[in-house]
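Asker: The lines below spell out each chain.
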Amino acid sequence: QKEVEQNSGPLSVPEGAIASLNCTYSDRGSQSFFWYRQYSGKSPELIMSIYSNGDKEDGRFTAQLNKASQYVSLLIRDSQPSDSATYLCAVEFTGGGNKLTFGTGTQLKVEL
Amino acid sequence: EPEVTQTPSHQVTQMGQEVILRCVPISNHLYFYWYRQILGQKVEFLVSFYNNEISEKSEIFDDQFSVERPDGSNFTLKIRSTKLEDSAMYFCASSGPTGSGEQFFGPGTRLTVL
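In order, the protein sequence lines correspond to chains A and B. Under this note's numbering, residues 39 to 150 are what the first sequence spells out, in order. Under this note's numbering, residues 20 to 133 are what the second sequence spells out, in order.
All clues stand as given, with none of them false.
Result set (DSS-like, lysine-lysine): computed pairs, CA atoms no more than 27 angstroms apart in a straight line:
id : chain 1 : residue 1 : chain 2 : residue 2
1  : A       : Lys40     : B       : Lys61
2  : A       : Lys40     : A       : Lys105
3  : A       : Lys80     : A       : Lys147
4  : A       : Lys94     : A       : Lys105
5  : B       : Lys76     : B       : Lys102
6  : B       : Lys76     : A       : Lys80
7  : A       : Lys80     : B       : Lys97
8  : A       : Lys80     : A       : Lys94
9  : B       : Lys97     : B       : Lys61
10 : A       : Lys80     : A       : Lys40
11 : A       : Lys105    : B       : Lys61
12 : A       : Lys80     : B       : Lys61
13 : A       : Lys94     : A       : Lys147
14 : A       : Lys94     : A       : Lys40
15 : B       : Lys61     : B       : Lys76
16 : B       : Lys102    : B       : Lys61
17 : A       : Lys147    : B       : Lys61
18 : B       : Lys76     : B       : Lys97
19 : A       : Lys94     : B       : Lys61
20 : B       : Lys76     : A       : Lys40
21 : A       : Lys80     : B       : Lys102
What the hints contain is simulated information worked out from the structure, not anything from laboratory work.
Bound conformation, chain A alone (with noise of 0.2 angstroms):
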């Protein structure tokens, strides 16, 4: 079974302050990654996607990916109270067709 985890949270931060979102998954040989912001019920906004290991910074995010660990984390510089929402991690696992596999997510919560 290929499994995307993340942390439910809530992580609460200070405004102005970085926030960071961590997410690992089950198959190493996964290539597409990607962070969607959700607000209470909205439908899921595509924030960032990345492919390589490393480094992929738009904005105020920056993804991070570490293929040998798994591992795929979302940072949000200079956080505003609008930040406030659920962050899903999905993952196209190799074999997978296109399909995307999503994590539960984690609450986000900026304080002012």
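The hints should help you fit chain B onto chain A, whose structure is shown.
Answerer: Leaving out everything else, chain B in the frame of chain A:
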């Protein structure tokens, strides 16, 4: 900016009734998906569709479910005889020419089965 659209936003139905959920994927995308999310649970894959046929389906996607691309723009999910446990948010998603890549989700249809 192009986006995936879904109708209706909320559907209430009686157990045993048929429902059709509709989606308009992003216009130049070739791969289409349905996912669902039961309240408080993970987003779960249902089915993927490419070149007018199902490319993959999950265990959830049994004979009660079907998908169709009736014309050049719409993509539909039909549930023939709804059960209470079908109550969930249903999300349509689409991705670009290569398939393996970023999937963009629609706003979802909340299905309530009474």
